[in-house]
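From first to last, the protein sequence lines stand for chains Y and E. Quick note on numbering: the first sequence equals residues 228 to 560 in the working numbering. Quick note on numbering: the second sequence equals residues 4 to 289 in the working numbering.
Honestly, the hints are just simulated from the structure, not real lab data. Worth double-checking, as some hints may not be accurate.
Stated by the list, open to error - Derived Cβ-Cβ restraints for the label pairs, each shown as a range:
1. Y/M413 x E/Q181: 45 to 53 Å
2. E/G130 x Y/F527: 50 to 58 Å
3. Y/I326 x E/L11: 31 to 39 Å
4. Y/S461 x E/F279: 29 to 37 Å
5. Y/G426 x E/F279: 46 to 54 Å
6. Y/D377 x E/Y90: 34 to 42 Å
7. E/R189 x Y/F527: 49 to 57 Å
8. E/K83 x Y/N235: 43 to 51 Å
9. Y/K304 x E/F279: 55 to 63 Å
10. Y/L503 x E/L151: 15 to 23 Å
11. Y/E359 x E/G91: 35 to 43 Å
Every residue, glycine too, gets a C-beta built ideally from N, C-alpha and C.
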Amino acid sequence: MKIKNISNWSILLVGVLLCFVPFVTNETGLLIMMTNIFIFAIFAMSYDLLLGFTGIVSFGHAMFFGLGAYSTAIFMKRVEPTMEWFFISVLVGIVLSLIVSIIVGVLTLRLKSHFYAMLTLAVASLFLVVAEKWRHLTVGNDGFTFRVPDVLKDRPTFYIICLVLMIGIFFLLKRFINSPLGRVLMAIRENENRVESLGFVPLYYKVTATVVAGVTASLAGSLFTVVLRYINTSVFTMDITLNALLMTIIGGVGTLIGPMIGAGLIEFAQEWITELADVHPIFERWIIFFGILYILAVIFFPTGIVGTVNKWIAKAKSKRIEKLTPKDEKMAG
Amino acid sequence: MEQIINLLINGISTGMLIFLLAAGLTLIFGLMDVLNFAHGGFFAWGAYCGVWFYSVTGSFMLSIVFAMAVGLILGAFTEKVIIKPVYGNHIMQILITLGLMLVLTEMLKVFWGPNQLSSTAPEYLSGSWQIGNVIIIKYRAFIIFVGLLVFGIVQFILKKTRIGLIVRAGVMNKEMVQALGINIKRVFMYVFMVGSAMAALGGAMLGPYTGSIYAEMGLEFAILAFIVVVIGGMGSFTGSLFAALLVGLNQSFLAYYFSELSLAANMLLMLVVLIFRPQGLFSVRG
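Here chain Y stands alone, though its shape is the one from the complex:
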């Protein structure tokens, strides 16, 4: 209980410290990058709700991200770039994600985990094709630029908004996984048959998890497109899902802090490797490095950074207890 409180307070403290960044520096590049980190942290946390907490693998998480991004972009372009319409567009993205996640979830989650992974991959590629072909609405792969509401134009303001949203969603999701419903999700991850024999209906809980994850991912997509003020079909591609996967796996599955750390690391690493492209053209293919890193992480560090650190702490603690106990025994003896 005590440790939990410490981690809550430290997150809040880091959040407050990060609030001062826009007052210290005026570098727009850094601010945009930090904003992107916050947005991808939201996205990765939503992904971890599936992968880490419920044990569902999705290879199409980009579709929710893309749905949110496209609904915001299209509303800003077609209707009017005001705050009211921004909220409506976010809401539309959320509702669309809700519908899609329910349909995909109900169809495949009663089957083995492979089916959900396959079907999400297929549905996401379907969305990509639709976005490419429906040129009337999306302008295909060329994409389009749009204007954003004046409030969101100011980079420091938007930085703060994203930071607050990230922290808020962190606590909301934390509340969610600590709720009775969240506990059932974790039980499903550990042993689905046992949960079922206890009288729960796993399908209902799993679909709920995918809905919450999809809705959160859609919000991240809406924010992402506001940063760029431009959209094209790349929001539906595998790269976006891959980002979430890497951030979650490297940061630490089954924790909420892990994906946030992972988001920071991966964004910085991407920037760094892209800069190295001037040195040698192989660095343009950054997916190779991330892919190999990812495979190694799955084999050797399946719990990620946070998980590994937690293990060390637990080990150190048990050693300390070991040191203490023989003495106590002697005293008792």
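Following the hints, put chain E in place on chain Y, whose structure we already have.
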């Protein structure tokens, strides 16, 4: 009428290519419960190796053999290095094979560049026959022939030989087979290698069929193969042929009449199967 026959041949040959990919996928899944997301990568590697070797040696048949050899080696490597550490853990398997898929796709771009490669059929397979008003393109007939040949050979091995008996028994109940003193893991590795070689064969034959190849086609065809596996039933070999033909025909007819809808129609087909027969049309385990 001629148009319909042409589309029919077109669809069957596309179906055969998808079948080569899906058959390995479904056998591997049926035998060892491993869903290999990197399977499309073997397909793309087969295509690139085939085109490259053909341009070096000038012999199409040799290039197909070379592509299959690359498939065998890739399969052995994957089974030994990537899948062995994560046996029995479904989530890890799914995650790690997807990682391999991405690495394989990017490696293709490192070796051959990110642009499309053009590919041509050899002299004796290009051109067409004309029967009445119907034009049959030779290369498509060749694909259908090879597909049926592979289906026949694998079916013969599965149904008539001892190793086939072990594989079929393993799909039904692998613990029992193991209890009878058979090293099912080694059998699995052979099946994995053969499945990879079949995927590479499919890739090598795709090049001259579409005229150009690119690295991302691995994932695109893998998605079609997944659809096939879901429709046909996981672990069913005959089911994968049937479903692949269905998907191929669907693809070719819809691509002709409403080109935008072909993937959507296949997805719809899969959704219908998932609603009414979630275990697939030809399920082994019922």
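Is the hinted range of 34 to 42 Å satisfied by the C-beta distance from Y/D377 to E/Y90?
57 Å, violated
Outcome of range test on Cβ distance (Y/K304, E/F279; 55 to 63 Å):
Once the Cβ atoms are compared, 41 Å apart, the range 55 to 63 Å for E/F279 and Y/K304 is violated.
For the hint 46 to 54 Å, verify it against the beta carbon of Y/G426 and that of E/F279.
28 Å, violated
Given the range 15 to 23 Å, decide if the beta-carbon distance of Y/L503 to E/L151 lies inside it.
50 Å, violated
Look at the Cβ atoms of Y/I326 and E/L11 and judge whether their distance stays inside 31 to 39 Å.
The hinted range 31 to 39 Å holds for Y/I326 and E/L11, with Cβ atoms some 37 Å apart.
Do the Cβ positions of E/R189 and Y/F527 conform to the proposed distance bound of 49 to 57 Å?
26 Å, violated
Whether the CB-CB distance between Y/M413 and E/Q181 falls inside 45 to 53 Å
33 Å, violated
C-beta pair E/K83, Y/N235: status relative to the range 43 to 51 Å that was hinted:
Distance hint for E/K83, Y/N235 holds at roughly 45 Å.
CB-CB spacing for E/F279 and Y/S461 relative to the 29 to 37 Å hint:
36 Å, holds
Just to be sure I understand the hint, the distance between the Cβ atoms of Y/E359 and E/G91 should be within 35 to 43 Å; is that true here?
39 Å, holds
Measuring from beta carbon to beta carbon, are E/G130 and Y/F527 in 50 to 58 Å?
Cβ of E/G130 to Cβ of Y/F527: about 54 Å, so the range 50 to 58 Å holds.
The structure is inconsistent with the numbered hints 1, 5, 6, 7, 9, 10, although it conforms to all the rest.
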